[in-house]
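Per full-length UniProt numbering, the very first residue in the sequence shown carries number 1; after that it's consecutive.
Among the hints, erroneous ones may be present.
Said to hold, decoys possible - Listed below are the simulated DSS-like cross-link pairs for lysine-lysine, each with C-alpha atoms no more than 30 Å apart in a straight line:
no.	residue 1	residue 2
1	LYS115	LYS271
2	LYS449	LYS644
3	LYS213	LYS305
4	LYS191	LYS179
5	LYS668	LYS655
6	LYS668	LYS635
These aren't lab readings, by the way, just hints derived from the structure by calculation.
Model, not experiment: these values are computed from the prediction.
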Amino acid sequence: MSTSGPTGLGSEIVTLINKLQDVFAAVGSSASQIDLPQICVLGSQSSGKSSVLENIVGRDFLPRGQGIVTRRPLVLQLIHRDPPANQKPQTLKESGDANANPDEWGEFLHLPGQKFYDFNKIREEIVRDTEAKTGKNAGISPQPINLRIFSPKVLTLTLVDLPGLTKVPVGDQPKDIEKQIRDMLMKYISKPACIILAVSPANVDLANSDGLKMAREVDPEGTRTIGVLTKIDLMDAGTDVVDILAGRIIPLRLGYVPVVNRGQRDIDSSKAISQALEAEREYFENHPSYKGKAQYCGTPFLTRKLNMILMHHIRATLPDIKARITSQLQKYNAELMQLGGPLADGNSGNIVLTVITEFTNEFRTVIDGNTNDLSLNELSGGARISFVFHELFNNGVKNIDPFDQVKDGDIRTILYNSSGSTPALFVGTAAFEVIVKQQIKRLEEPGLKCCQLVYDELIRILGQLLNKIQAFRRYPALRERFNAVVVNFFKNAMNPTTKLVSDMVAMQACYVNTTHPDFISGHKAMSICQDRLNANKPQPPAADSKSGKLAPGVINNNKDLDVEAKKEEPSFFGSFFSSAKNGRTVKKAGPGGAPVSVMEAPPAVIKPQTALNERETLETEVIKLLIHSYYNIVKREMIDMVPKAITLTLVNHSKENLQRELLQELYKAEVLDDLLKESEYVVNRRKEVIGMVQALNKAEEIVAGV
Numbered sequence: 001m002s003t004s005g006p007t008g009l010g011s012e013i014v015t016l017i018n019k020l021q022d023v024f025a026a027v028g029s030s031a032s033q034i035d036l037p038q039i040c041v042l043g044s045q046s047s048g049k050s051s052v053l054e055n056i057v058g059r060d061f062l063p064r065g066q067g068i069v070t071r072r073p074l075v076l077q078l079i080h081r082d083p084p085a086n087q088k089p090q091t092l093k094e095s096g097d098a099n100a101n102p103d104e105w106g107e108f109l110h111l112p113g114q115k116f117y118d119f120n121k122i123r124e125e126i127v128r129d130t131e132a133k134t135g136k137n138a139g140i141s142p143q144p145i146n147l148r149i150f151s152p153k154v155l156t157l158t159l160v161d162l163p164g165l166t167k168v169p170v171g172d173q174p175k176d177i178e179k180q181i182r183d184m185l186m187k188y189i190s191k192p193a194c195i196i197l198a199v200s201p202a203n204v205d206l207a208n209s210d211g212l213k214m215a216r217e218v219d220p221e222g223t224r225t226i227g228v229l230t231k232i233d234l235m236d237a238g239t240d241v242v243d244i245l246a247g248r249i250i251p252l253r254l255g256y257v258p259v260v261n262r263g264q265r266d267i268d269s270s271k272a273i274s275q276a277l278e279a280e281r282e283y284f285e286n287h288p289s290y291k292g293k294a295q296y297c298g299t300p301f302l303t304r305k306l307n308m309i310l311m312h313h314i315r316a317t318l319p320d321i322k323a324r325i326t327s328q329l330q331k332y333n334a335e336l337m338q339l340g341g342p343l344a345d346g347n348s349g350n351i352v353l354t355v356i357t358e359f360t361n362e363f364r365t366v367i368d369g370n371t372n373d374l375s376l377n378e379l380s381g382g383a384r385i386s387f388v389f390h391e392l393f394n395n396g397v398k399n400i401d402p403f404d405q406v407k408d409g410d411i412r413t414i415l416y417n418s419s420g421s422t423p424a425l426f427v428g429t430a431a432f433e434v435i436v437k438q439q440i441k442r443l444e445e446p447g448l449k450c451c452q453l454v455y456d457e458l459i460r461i462l463g464q465l466l467n468k469i470q471a472f473r474r475y476p477a478l479r480e481r482f483n484a485v486v487v488n489f490f491k492n493a494m495n496p497t498t499k500l501v502s503d504m505v506a507m508q509a510c511y512v513n514t515t516h517p518d519f520i521s522g523h524k525a526m527s528i529c530q531d532r533l534n535a536n537k538p539q540p541p542a543a544d545s546k547s548g549k550l551a552p553g554v555i556n557n558n559k560d561l562d563v564e565a566k567k568e569e570p571s572f573f574g575s576f577f578s579s580a581k582n583g584r585t586v587k588k589a590g591p592g593g594a595p596v597s598v599m600e601a602p603p604a605v606i607k608p609q610t611a612l613n614e615r616e617t618l619e620t621e622v623i624k625l626l627i628h629s630y631y632n633i634v635k636r637e638m639i640d641m642v643p644k645a646i647t648l649t650l651v652n653h654s655k656e657n658l659q660r661e662l663l664q665e666l667y668k669a670e671v672l673d674d675l676l677k678e679s680e681y682v683v684n685r686r687k688e689v690i691g692m693v694q695a696l697n698k699a700e701e702i703v704a705g706v
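Input sequences plus hints: build the corresponding full structure.
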């Protein structure tokens with residue numbers, strides 16, 4: 001294998017990706033959002049993956065044995081480093097590794113600054129760290145081990161050694177070991193920036209190769225898969241892999257490379273890799289099937305090929321990596337600003353002042369309606385309050401019918417009662433006032449309900465703003481206190497508001513203004529009702545032909561004194577008695593047998609018994625018309641005035657005085673520090689985000705130079 005590693009852009013560009021990998025591995029995101037180009041080694045268990053890697057490195061350093069040995073992804077960064085020209089030959093003291101020399105060493109990312117010249121120690125550290133993360137049993141973990149190897153004998157190359165595919169759980173392996181391994185491998189190889197190095201033993205039919213089958217799932221065209229055929233020397237005599245190499249079996253764009261590794265006996269007898277590579281070269285040069293193409297076989301060719309593929313691949317993906325780093329940096333910087341910047345201390349007084357100002361400005365904006373994020377599908381803020389006023393309250397008042405509780409019969413009773421001992425000469429004003437005042441009081445309930453609905457809307461706006469303003473996520477205590485102060489402020493503002501609305505109803509009820517220009521006058525109401533009744537009334541008869549009595553006017557010189565007991569026409573209070581007992585005198589036989597008129601005492605309860613007579617109907621209709629007219633005026637005034645009252649004492653009061661209230665309650669030296677205790681989540685998240693921002697900044701520096 002040539003020791004003159006490629007200089008110039010090739011190794012630089014691979015080194016660049018190595019640096020990026022380290023930067024992201026340090027953050028723990030393992031370059032999660034940024035797909036770094038890498039070569040992943042894929043194959044079934046015991047297909048010779050580790051041997052291929054050791055041959056590429058030229059040293060023994062990987063754990064070996066039966067079953068699953070590789071239980072975590074191993075990110076292997078090979079770095080070509082020429083030895084210093086004038087260096088004196090050094091020997092390393094007490095090293096257990098016969099091949100140890102000062103020009104070759106390994107470093108682990110989790111042990112910064114520690115150089116391992118003894119490659120046996122590297123193996124021990126891999127085993128130790130694997131067991132620390134996965135336990136002693138055969139469980140697996142997706143957390144990678146990052147190992148760098150510096151050597152003059154390697155080409156700059158980055159490989160990821162993945163656990164081998166297995167089918168049946170052995171010993172105390174988890175039952176779903178196959179699925180676990182498969183999921184982990186898929187996570188690595190499904191990324192478009194990953195080149196798949198599919199290792200398959202040549203002494204097994206290629207169609208059965210697990211590595212190729214899985215590579216085919218994520219790379220059906222075979223554009224980023226390179227095949228490695230191991231155990232060529234174990235094939236039956238007379239068979240070879242020429243057809244596979246020629247791409248006649250399963251074609252791959254990047255082709256196949258056959259290699260010969262050390263057998264288990266060679267490993268047990270500690271055969272040096274340099275000898276093994278020599279044996280491999282001789283095998284291909286002397287084998288009848290391969291000698292014509294020997295320069296395209298073996299580990300040295302595989303290494304050069306991988307180096308070239310990786311370089312081209314990195315060059316192709318570099319612009320995309322740059323773009324992704326930039327966009328991620330913007331995203332994390334924005335999040336960091338939301339979390340209060342990298343320092344996150346700031347002057348506590350200033351923070352509280354800023355939040356109060358932002359909150360009150362937003363509050364005014366939401367109510368006044370010149371908000372920027374105009375949601376298209378629903379009303380918000382001030383528009384909802386307007387809906388309460390002009391839809392809900394408006395309809396609530398309009399739907400109150402003064403006559404759904406006061407029936408005609410009740411009006412008749414009130415008319416009689418309000419006249420007192422003297423029957424009313426005109427339609428009773430007192431009755432009208434009694435009923436109107438009683439009905440006006442019913443308007444208090446929708447008014448107070450309207451206050452409550454507007455209060456609910458203000459609380460809703462408060463909730464929206466608490467969620468919207470970023471500072472409240474950082475400072476849960478500030479959010480709680482803010483909520484309490486503002487809710488309390490609204491509650492206190494509700495007292496004068498409800499009082500004002502109740503007072504407005506009381507004002508309307510205590511003074512009935514019958515001179516209102518929109519009010520129908522008593523005369524007009526009387527004439528309308530009379531016309532209406534006369535239209536439905538039949539003509540009066542001249543005389544009663546059946547009984548032969550004359551019409552009343554004939555008897556008293558055209559005057560009807562109306563003192564006779566008539567059966568057909570009721571008395572003034574006639575409708576209060578049933579027709580059977582007409583409330584008049586009852587004739588009883590006196591002492592001499594002559595009939596004597598006797599008056600009965602009035603009943604304990606006098607209630608109307610019959611329908612309204614004509615006069616009562618007229619008076620009731622007039623009263624109803626007057627009530628209706630006046631009630632409409634009051635309704636109109638309430639619909640107009642209640643929203644103005646609520647706006648004055650609740651909505652505008654909040655807009656104008658909320659800031660002062662918040663300053664008084666929150667801007668106090670003794671509470672500031674308690675208010676600005678950050679939530680656990682914010683503190684932890686800021687650490688993560690700062691780490692990501694630093695890593696991305698470093699990454700941006702690294703790629704900027706290319």
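Structure-based check of all given hints:
1. Using a Cα cut-off of 30 Å, the hinted pair LYS115 and LYS271 holds, with the two alpha carbons roughly 25 Å apart.
2. Between LYS449 and LYS644 the CA atoms are separated by roughly 15 Å; this keeps the pair inside 30 Å, and the hint holds.
3. Among the hinted pairs, LYS213 with LYS305 is consistent with the structure: their alpha-carbon atoms are about 22 Å apart, no more than 30 Å.
4. Taking the CA atoms of LYS191 and LYS179, the gap is near 19 Å; set against the 30 Å cutoff, the hint holds.
5. A threshold of 30 Å between alpha carbons decides the hint, and for LYS668 with LYS655 the separation of about 22 Å falls inside it, so the pair holds.
6. Annotation: proposed proximity of LYS668 to LYS635 is violated, straight-line Cα distance about 48 Å (limit 30 Å).
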